[in-house]
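Put chain R on the given structure of chain G with help from the hints.
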Amino acid sequence: MRGAITRVAGPVVVAENLIGAQMYEVVRVGALGLIGEVIRIEGDGATIQVYEDTAGLRVGDPVAASGAPLQVELAPGLLGSIFDGIQRPLPVLRDQTGDFIARGVTAPALDRAVKWQFTPIARAGDVLEPGDLIGSVPETAQIAHRVLVPPNTRGTLIEINAGAFSIDEPIGILQNDGARIEIKLAQKWAVRSARPYARKLDPDTPLITGQRVIDSFFPVTKGGTAIIPGGFGSGKTVAEQTLAKWADADIVIYVGCGERGNEMTDVLEEFPQLIDARTNEPLMRRTILIANTSNMPVAAREASIYTGITLAEFYRDMGYDVALMADSTSRWGEALREISGRLEEMPGEEGYPAYLATRLADFYERAGRVIALGKDARVGSVTVIGAVSPPGGDFSEPMTQNSLRVAGAFWGLDTGLARRRHFPAINWITSYSLYDLRKWFVENVASDWEAQTGEAMALLQEETKLMEIVQLVGSDALAEDQKALLQSARMVREDYLQQFAFHEIDAFCPPHKQYWMLRVILAFQRELMRAIKRSALLDRVIKTETPVAPPNNENGASRAQEPVPSKAQEQIAGEFAQSLAPGGVPMTSTDHGALLERALALPIVAEIARMKEWKHAEAESRARALIEQIEREVGALR
Amino acid sequence: MDTQTSLLTKHYRTLSYISGPLVFVERVANVGYGEIVTITGADGAPRAGQVLEVNRERAVVQVFTGTRGLDADTTRAHFTGNVARLGVAMEMLGRTLNGAGQPLDGGPAVIPEKFLDIHGEPINPYARDHPSEFIQTGISAIDGLNTLVRGQKLPIFSGYGLPANEIAAQIAMHARVLGTSEKFAVVFAALGITHREASFFIQRFETSGALDRTVLFLNLADDPTIERLITPRAALTTAEYLAFDQGLHVLVIITDMTNYCEALREVANAREQVPGRRGYPGDLYTDLATIYERAGRIKDKPGSITQLIILNMPDDDITHPIPDLTGYITEGQIVLSRDLHRRGIYPPIDPLPCLSRLMNAGIGAGKTRADHRGVADQLYSFYAQGRDLRRLVAIIGEAGLGAADRKYLAFADRFEQEFIGQGDTNRAIEDTLNLGWELLRAFPANELKRIKREHIVKYGKGERG
Numbered sequence: 001m002r003g004a005i006t007r008v009a010g011p012v013v014v015a016e017n018l019i020g021a022q023m024y025e026v027v028r029v030g031a032l033g034l035i036g037e038v039i040r041i042e043g044d045g046a047t048i049q050v051y052e053d054t055a056g057l058r059v060g061d062p063v064a065a066s067g068a069p070l071q072v073e074l075a076p077g078l079l080g081s082i083f084d085g086i087q088r089p090l091p092v093l094r095d096q097t098g099d100f101i102a103r104g105v106t107a108p109a110l111d112r113a114v115k116w117q118f119t120p121i122a123r124a125g126d127v128l129e130p131g132d133l134i135g136s137v138p139e140t141a142q143i144a145h146r147v148l149v150p151p152n153t154r155g156t157l158i159e160i161n162a163g164a165f166s167i168d169e170p171i172g173i174l175q176n177d178g179a180r181i182e183i184k185l186a187q188k189w190a191v192r193s194a195r196p197y198a199r200k201l202d203p204d205t206p207l208i209t210g211q212r213v214i215d216s217f218f219p220v221t222k223g224g225t226a227i228i229p230g231g232f233g234s235g236k237t238v239a240e241q242t243l244a245k246w247a248d249a250d251i252v253i254y255v256g257c258g259e260r261g262n263e264m265t266d267v268l269e270e271f272p273q274l275i276d277a278r279t280n281e282p283l284m285r286r287t288i289l290i291a292n293t294s295n296m297p298v299a300a301r302e303a304s305i306y307t308g309i310t311l312a313e314f315y316r317d318m319g320y321d322v323a324l325m326a327d328s329t330s331r332w333g334e335a336l337r338e339i340s341g342r343l344e345e346m347p348g349e350e351g352y353p354a355y356l357a358t359r360l361a362d363f364y365e366r367a368g369r370v371i372a373l374g375k376d377a378r379v380g381s382v383t384v385i386g387a388v389s390p391p392g393g394d395f396s397e398p399m400t401q402n403s404l405r406v407a408g409a410f411w412g413l414d415t416g417l418a419r420r421r422h423f424p425a426i427n428w429i430t431s432y433s434l435y436d437l438r439k440w441f442v443e444n445v446a447s448d449w450e451a452q453t454g455e456a457m458a459l460l461q462e463e464t465k466l467m468e469i470v471q472l473v474g475s476d477a478l479a480e481d482q483k484a485l486l487q488s489a490r491m492v493r494e495d496y497l498q499q500f501a502f503h504e505i506d507a508f509c510p511p512h513k514q515y516w517m518l519r520v521i522l523a524f525q526r527e528l529m530r531a532i533k534r535s536a537l538l539d540r541v542i543k544t545e546t547p548v549a550p551p552n553n554e555n556g557a558s559r560a561q562e563p564v565p566s567k568a569q570e571q572i573a574g575e576f577a578q579s580l581a582p583g584g585v586p587m588t589s590t591d592h593g594a595l596l597e598r599a600l601a602l603p604i605v606a607e608i609a610r611m612k613e614w615k616h617a618e619a620e621s622r623a624r625a626l627i628e629q630i631e632r633e634v635g636a637l638r
Numbered sequence: 001m002d003t004q005t006s007l008l009t010k011h012y013r014t015l016s017y018i019s020g021p022l023v024f025v026e027r028v029a030n031v032g033y034g035e036i037v038t039i040t041g042a043d044g045a046p047r048a049g050q051v052l053e054v055n056r057e058r059a060v061v062q063v064f065t066g067t068r069g070l071d072a073d074t075t076r077a078h079f080t081g082n083v084a085r086l087g088v089a090m091e092m093l094g095r096t097l098n099g100a101g102q103p104l105d106g107g108p109a110v111i112p113e114k115f116l117d118i119h120g121e122p123i124n125p126y127a128r129d130h131p132s133e134f135i136q137t138g139i140s141a142i143d144g145l146n147t148l149v150r151g152q153k154l155p156i157f158s159g160y161g162l163p164a165n166e167i168a169a170q171i172a173m174h175a176r177v178l179g180t181s182e183k184f185a186v187v188f189a190a191l192g193i194t195h196r197e198a199s200f201f202i203q204r205f206e207t208s209g210a211l212d213r214t215v216l217f218l219n220l221a222d223d224p225t226i227e228r229l230i231t232p233r234a235a236l237t238t239a240e241y242l243a244f245d246q247g248l249h250v251l252v253i254i255t256d257m258t259n260y261c262e263a264l265r266e267v268a269n270a271r272e273q274v275p276g277r278r279g280y281p282g283d284l285y286t287d288l289a290t291i292y293e294r295a296g297r298i299k300d301k302p303g304s305i306t307q308l309i310i311l312n313m314p315d316d317d318i319t320h321p322i323p324d325l326t327g328y329i330t331e332g333q334i335v336l337s338r339d340l341h342r343r344g345i346y347p348p349i350d351p352l353p354c355l356s357r358l359m360n361a362g363i364g365a366g367k368t369r370a371d372h373r374g375v376a377d378q379l380y381s382f383y384a385q386g387r388d389l390r391r392l393v394a395i396i397g398e399a400g401l402g403a404a405d406r407k408y409l410a411f412a413d414r415f416e417q418e419f420i421g422q423g424d425t426n427r428a429i430e431d432t433l434n435l436g437w438e439l440l441r442a443f444p445a446n447e448l449k450r451i452k453r454e455h456i457v458k459y460g461k462g463e464r465g
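Going down the list, the protein sequences come from chains G and R.
Those letters in the first sequence? Residues 1 to 638, per the numbering used here, in order.
Those letters in the second sequence? Residues 1 to 465, per the numbering used here, in order.
Hints may be right or wrong, so weigh each one.
As the list claims (entries may be wrong) - Pairwise CB distance ranges, derived in the manner of DEER restraints: (1) G:Thr-464 with R:Asn-269: 42 to 48 Å; (2) G:Ala-198 with R:Phe-115: 29 to 35 Å; (3) R:Arg-56 with G:Lys-375: 23 to 29 Å; (4) G:Arg-405 with R:Met-90: 55 to 61 Å; (5) G:Glu-281 with R:Ala-365: 25 to 31 Å.
Unchecked claim - Simulated pairs of lysine-lysine, DSS-like, Cα-Cα distance not exceeding 30 Å: (6) G:Lys-612 with R:Lys-452; (7) G:Lys-483 with R:Lys-449; (8) G:Lys-188 with G:Lys-115; (9) G:Lys-483 with R:Lys-407; (10) R:Lys-183 with G:Lys-615; (11) G:Lys-200 with G:Lys-439; (12) R:Lys-301 with R:Lys-114; (13) G:Lys-612 with R:Lys-449; (14) R:Lys-183 with R:Lys-114; (15) G:Lys-612 with R:Lys-367; (16) R:Lys-367 with G:Lys-615.
No lab work stands behind these hints, which were simulated from the structure alone.
Ideal Cβ placement from N, Cα and C applies to all residues, glycine included.
Extracted from the complex, chain G is given alone in its bound form:
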């Protein structure tokens, strides 16, 4: 079917005579055959968003419908690849058209020449339903690519072959009501439809990111969703890349959606060289990159996150834990806004289309932990971590607010922290996680995990309150225990929350090391508080000493042989005794700066700052030794 262009306005083209065109059908536009997608139908005309630059298109140029919606190719060979937003392989495009992306160029997503070693699992005669396991291909050393019966396909397996196949060659034949269906390694899926699954599960396992502020305080589950909003320079991209490197997912899909070209180069150069500690394989072997940089066509940017999540669902269906990083969803939202504007739709808030919230919810709800289709009830998950780039760093804008509505964890980046070079600049007061993972951490890390993280968070919250006072009247107005609290909170911030993403050891911090680091800091905090109390009370015991012997009366008779301790003295002595035991009582004295200074000058303080560099395996033993030392040395302070 061929139509003709009647209007061109930027990436939006209107064509006539496209009878029978379907919504979201792919069309080829103009003499160059630019790739586009039908986004509105009016009579026999259609509005098309074109994924490439439309300069030079003329009224009357041909438009050819393809009969199919925008699809991606799903087969072995995806891992380690780099695609643009509509799954064109960028290395192949470079071979074809050079260093710049020319228009109208197409290339199959995956290489037809590669032969994959297929080992059947199903046998001839088996009756197969969608999602049933047919066999497997070793896609990488770690990832067995499970070949499944595609959704909407079923029948009796009448033929199956082992051996080396390209992704186009039939590996077996299904028979269903007399129809013969060839099974190949490759299948296609329309990106805008979620792939089906049997059942959604409640997520209960954290995605371990190795980032202390996230795992300890705001964890996300496997199958959960998290958003990272932040103004420019607050570290969104570094955070996304760090998560892509270290998160304990089987497969990572990194979507560079409307971001910087040089940053994608960073990923491209770094990932093949980084070794995944769990598998000893280059990180690139578990990664798929989708790069649609900001200067690449805007409509393809809109498609890129759907392409990404479809690939994620494909591996989820095989039973893997997949993490999808989208940097940045705001650019996707802006693409939506730009196209909506060209369609002359009624604008909603800040010019975004009214369906922004629906589209966002549709996207985030494709995350989840599921039981996949198929007899063996594989469990897989897709975790979505989306960066948001609010204009002016103002979180009240529509993209951030609509994302908040659907995301399970919110890691709010703070420009103020970033300017102090506190990275990751996740604000611990405003961020939250709706996932309750206490059970997992208690079972897998430590029984008092919750108590420790809770205590540290309480310390940070108390610090925020005290800092308000300090900003008004200066730190001299604080009591000594409050000053000590500020020092301990600072320790939590600097020696715990701050984590340098490019440090050889500290880039990834496993949960058990997180736990022991926290134990050390909190031990220091407790001992310090106790020392200050002790010293203050000792001081008061001395100062409040009353005359020991009461004067004799005129009669010369002593009223009492023993001096009677005053009420105050009794109370202080009691407090003093109590202060030596855990728990303690509130403080009143304010003149013990020297003690705090001496405590902070102890070598253990420097050692606490170096905990980040401890080898993971040694963390527990070194932490235990350090805690003992803290108890000894701070405990000895008078």
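For chain R alone, kept in the frame of chain G given last:
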């Protein structure tokens, strides 16, 4: 701009609507989107324009040189059949051109070696090479704390009255890659700046002897506004030719992007587009990205494009859409401070909101010095604390501070006077780092938490406070 005419094109006298920079030409046939149009009014002078939208009835054309003097009756529109293209050549070095690429210096027309689409094509992300060569600008606040590397795009966020031009010219003069003497070129695009500002740059290029390695594209404040929309693209097309065809290291200076965005807004409003924030078009991000992203390096090619973009923040507001969207695209930003400027500190670069995203790739052992990262972070951190305390001092007075706090305060003052306020001297990176250590001497070694211990031992010798 390529204005060669083909014999087969038609002239239309069917203008139906003229408003602002736009004209509507009715009943056109065979007109391409983005095509270049020559509009000739009653005065007989041809004006260049570009098709912004085309449908069966009409083409919407934006006229780069404005529509003053055009009428609907006699004006002719001639569709050239070409998208905007620029003839480029090595001999452009040393030339002064207008915003559309035609000579302003009285010299002959450039004999093109190649015609290129000024909109360019996106660099395949897979073909990009990661920028990692340190550029020494001679300015401590940049070299030490926000290092620039070859292939980076770094804007200077300025405010009206702040010396952004001086800093840009200083960088253009002093910038060099350590240990090399490679061929370089400067492409300078002036967007709506005044004659005074333009002649300042020309004079500085002249005195430094760089003028014959410079291509100047001048669209001054009194030149046609809409022409500004093609000036940066013409400049970058030239830069791409010089860098990727001829293998030069090209520094592109674009000033002032604020004027470009104003022009964009003017066209969008004339087209009655749905306005985004502050009336700027909704696709401002994408539009800016198609300019800024034309920087970088390409694998296996010797040349590079480094962009230095100057923009003025209206009312010094960094959350204004222009600096905001720019910051989301560029690899960091240099922010000038009115407060430092008032206190006579030059260059008045406020390090706190500054950032260079590619810094880590360009520094460290073998590039600058092993202690660079640590020193930068430590200076930064102490300075930030000092600045926080200043606010406190404003409330409670300096007497209310403890001894430790006063140390930070004194550090912040010295840091501004000595480290940032270097005047127009050209400081080598070694000197910048050594000065950093000198300032850090006020603190005992155990407070230098950001610096590796071995670096403190090696570089931080001498008495400590």
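For each hint, the structure was consulted:
1. G:Thr-464 with R:Asn-269: 42 to 48 Å: Given range 42 to 48 Å: holds, Cβ gap about 45 Å.
2. G:Ala-198 with R:Phe-115: 29 to 35 Å: 59 Å, violated
3. R:Arg-56 with G:Lys-375: 23 to 29 Å: 57 Å, violated
4. G:Arg-405 with R:Met-90: 55 to 61 Å: 57 Å, holds
5. G:Glu-281 with R:Ala-365: 25 to 31 Å: 29 Å, holds
6. G:Lys-612 with R:Lys-452: 13 Å, holds
7. G:Lys-483 with R:Lys-449: Roughly 20 Å separates the two Cα atoms, so the pair holds.
8. G:Lys-188 with G:Lys-115: 19 Å, holds
9. G:Lys-483 with R:Lys-407: Holds - the C-alpha atoms of Lys-407 (chain R) and Lys-483 (chain G) are around 18 Å apart, at most 30 Å.
10. R:Lys-183 with G:Lys-615: 47 Å, violated
11. G:Lys-200 with G:Lys-439: Answer holds: Lys-200 (chain G) to Lys-439 (chain G) is near 20 Å, not above 30 Å.
12. R:Lys-301 with R:Lys-114: 19 Å, holds
13. G:Lys-612 with R:Lys-449: Status holds; Cα separation ~12 Å.
14. R:Lys-183 with R:Lys-114: With a Cα-Cα distance of about 21 Å, the restraint between Lys-183 (chain R) and Lys-114 (chain R) holds, given a limit of 30 Å.
15. G:Lys-612 with R:Lys-367: 26 Å, holds
16. R:Lys-367 with G:Lys-615: Measuring from Cα to Cα gives roughly 29 Å; hence the hint holds.
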